[in-house]
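Enquirer: With chain A fixed as given, assemble chain B onto it according to the hints.
2 protein chains.
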Amino acid sequence: MKFLIMEGLSILERTPMIVSLLVKNLPDSWIFQNEGGETWNVFDVIGHYIHGEKTDWIPRMQIILGEGDKHFVPFDRFAQFKDSKGKTLDELLEEFARLRKENVIKLRNAQLDEAALSKKATHPELGEVSLSELLASWVVHDLTHICQIARVMAKQYEATVGPWKAYMGILNR
Amino acid sequence: MKFLIMEGLSILERTPMIVSLLVKNLPDSWIFQNEGGETWNVFDVIGHYIHGEKTDWIPRMQIILGEGDKHFVPFDRFAQFKDSKGKTLDELLEEFARLRKENVIKLRNAQLDEAALSKKATHPELGEVSLSELLASWVVHDLTHICQIARVMAKQYEATVGPWKAYMGILNR
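Residue numbers (this note's numbering), protein chains in the order written: chain A, -13 to 159; chain B, -13 to 159.
Next comes chain A alone, as it looks inside the complex:
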């Protein structure tokens, strides 16, 4: 399926609301427990979304469309552990919603045509990538972490569902 800017926008602009509906006003046990080991809890995932808004998607679009050096700065997958410290979940949700709103406006204002979408830059590990691949990845990244949040939450009831665990694929991943 081709990347279409209007489709991408209509998914990207809904994500903060979807995430907020999933996690807001729930007891801490749903938010601060992870899937075990080094996995992330819901709070970590929201912080990761925020770091993406600040350093990944739109800044990389600007590198691709700009006149300067066409190399991306590596993305820090662990920035949220420092950046989210001392903040509440509601503060993170508000920050994510605000940054996403600003970034969707920047994306809309860029008025990307086919020529712009096919422009390229160099990813530190993946090599040459195009703007349409970057923006499609932004959409998929949103969906990935919605799925992750639902899974992390579901796992809190792993024992609570009793014998139904056998039917719940999400609990066995």
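One should not assume that every hint holds.
Said to hold, decoys possible - Derived lysine-lysine pairs resembling DSS-like cross-links, with alpha carbons at most 25 Å apart: (1) A:Lys(-12) / B:Lys10; (2) B:Lys10 / B:Lys68; (3) A:Lys106 / B:Lys151; (4) A:Lys40 / A:Lys56; (5) A:Lys151 / B:Lys(-12); (6) A:Lys10 / B:Lys68; (7) A:Lys10 / B:Lys92; (8) A:Lys87 / B:Lys10; (9) B:Lys40 / A:Lys151.
Because the hints were derived from the structure by calculation, they are not lab data.
Expert: For chain B alone, kept in the frame of chain A given last:
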């Protein structure tokens, strides 16, 4: 984690809105393509939620709490292929929201205490199950299919993300 009725209710009552935000007003390509083979598309999943509202969760709660035979009727995992025929996605989303609202009211009105939550009935395959296990499974089932919808949608961009596919766990499941 223990099943707490107020937590369960607060998740169950949000699901139709979350699902609607995820899938409403998108082009058909996002809604009617599956993950390949016999897998379900987004439209199928919404129909499956509806069939659960009609025949699974609250009807089974009523069997557990009732005075009659304590055996569940088997759940039809494929009913939506017949029942959703000829309907639009918006019709399914409205039907799901309406049925869920009614069922949340029934759950609230049941005023379940610990004694009620520990009552049991017999599942056709899983054997003896309690009301708290049934209700926790309802919550996990909601989350499972939110994750599935996000994954099915993400996979539509599998080729579109280019080399980023390597980073997207959701595309490699």
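Enquirer: With reference to the structure, classify each hint as holding or not holding.
Expert: These are the hints, each one checked on the structure:
1. A:Lys(-12) / B:Lys10: holds, 20 Å
2. B:Lys10 / B:Lys68: At roughly 22 Å apart (the allowed maximum being 25 Å), lysine 68 of chain B and lysine 10 of chain B satisfy the hint.
3. A:Lys106 / B:Lys151: Holds, because 17 Å separates the two Cα atoms, which is no more than 25 Å.
4. A:Lys40 / A:Lys56: OK: lysine 40 of chain A and lysine 56 of chain A at ~18 Å, within 25 Å.
5. A:Lys151 / B:Lys(-12): Measuring from Cα to Cα gives roughly 15 Å; hence the hint holds.
6. A:Lys10 / B:Lys68: Violated, at about 36 Å.
7. A:Lys10 / B:Lys92: holds, 24 Å
8. A:Lys87 / B:Lys10: Given that 25 Å is the threshold and the Cα spacing comes to 19 Å, the pair holds.
9. B:Lys40 / A:Lys151: holds, 22 Å
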